[in-house]
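Protein chains in written order, with the working numbering: chain V, 1 to 70; chain X, 71 to 340.
Hints in this document: simulated from the structure, not taken from any laboratory. Just so you know, even glycine gets a beta-carbon here, dropped at the ideal spot from N, CA and C. Worth double-checking, as some hints may not be accurate.
[As the list claims (entries may be wrong)] Counterexamples of contact, computed for chain X against chain V with all Cβ distances above 10 Å:
#	residue
1	Ser140
2	Asp179
3	Ala230
4	Ser244
[Said to hold, decoys possible] Computed footprint of chain V on chain X, listed as stretches where at least three residues anywhere in the stretch have a Cβ under 8 Å from a Cβ of chain V:
#	segment
5	100 to 106
6	120 to 130
7	165 to 177
8	218 to 226
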Amino acid sequence: MNDTIDVVINGERRAIAPGVTLLELLGELSLDPRAVVVEHNRQIVRRPALGDVRVAPGDAIELVHFVGGG
Amino acid sequence: MKTETPSRHDATMHDTPLTIGGRTFQSRLMVGTGKYPDNETMLRAIEASGAEIVTVAVRRVDLDRSKDSSVLHHLDPKRFFLLANTAGCYTAEDAIRYARLGHEAGFNDFVKLEVIGDQETLLPDVQGLLEAAKVLVKEGFKVLAYTNEDLVTALRLEDAGCAAVMPLASPIGSGLGLLNPFSVRTIKRRLQVPVVVDAGVGTASDACVTMEQGVDGILMNTAIAAAQDPVAMARAMRLAVEAGRIAFLAGRMPRREVAFPSSPTEGMLD
């Protein structure tokens, strides 16, 4: 039975539920969508569109935010 | 109310505020947010520095403990002008990617563009820098380009549409101070856009000497964050940047290789 799909989040392979949107994925990871920027297969997905984009097997997702720097 | 005529000798009266990319800033000191012992010290140091422009970096969220690792939990973007950087990028392509992510995470169109060419010295890859600058300017970014002290590169960055050019004083995090005042002065003299010295300042005297060259501002991080008392150093830097600016505007006396007495040579006793 195929109840998860493999994706790469911030460089790490993870098994997630199939068919979830990016917004749902952030929820699963306990991340506030207002506090992170999502890059999906090298494309930035703006906040209002996060609920429209579904994650597919093999997708590369980067979740970034601001940290201290010079 | 009677308006007072500003004194011609009060150089600060005649200074114009720093304007970069159409935005005006009261402070000529910009500070980074990296390498502080803790967030509270960082915040107090930034307050003490009087800086308005504060740089931040774009990095992956730590998926295991993401709750308070964002610097935005500690810095109010309404109070500070957050300038995203592309630190750590070694190609134009990476720098462009980070700039876009920073724009999405941030609150303005400004980016401090870094394209590093050498891991040991962190000196910029000027070819990649120019390439990235051109792309980002076309996308509408206000690019503040971290570069070396090379005049020709600085001119090309200006031609590419950069909002400010940021030559280094010495390598990032080295604290060696202003190694090449002549080149920095030359860049300042030849460019129309603001010249902000970025990186290498180690202590207050370095900041003062740098501002005395006539540059428009200084960006620093390690000199404050790695001081034994970052809050006190931040205050020293604020005063040094102001002192250096005023000294520049005041116009220093000419250097002389011989002594010249300050007291009258006449009227001496027999």
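For each hint, the structure was consulted:
The non-interface label for Ser140(X) is inconsistent with chain V: the shortest C-beta to C-beta separation is roughly 5 Å, within 10 Å. No Cβ of chain V approaches the Cβ of Asp179(X) within 10 Å, the least distance being about 15 Å, so the stated non-interface status holds. Ala230(X), annotated as away from the interface, keeps every beta carbon of chain V farther than 10 Å; the closest lies near 23 Å. For Ser244(X), the condition that its CB be more than 10 Å from all CB atoms of chain V holds, with the nearest at approximately 12 Å.
For the segment 100 to 106 of chain X, the stated coverage by chain V is satisfied: 5 residues place a CB nearer than 8 Å to a CB of that chain, which reaches the threshold of 3. Only when three residues or more bring their CB closer than 8 Å to a CB of chain V does the claim for the segment 120 to 130 of chain X stand; here the count is 6, and the claim holds. A stretch counts as covered by a chain when three or more of its residues have a beta carbon under 8 Å from one of that chain; for the segment 165 to 177 of chain X and chain V the count is 7, and the coverage holds. Under a criterion of three residues with beta carbons nearer than 8 Å to beta carbons of chain V, the stated coverage of the segment 218 to 226 of chain X fails, only 0 such residues being counted.
In this structure, the hints that do not hold are numbers 1 and 8, in rising order.
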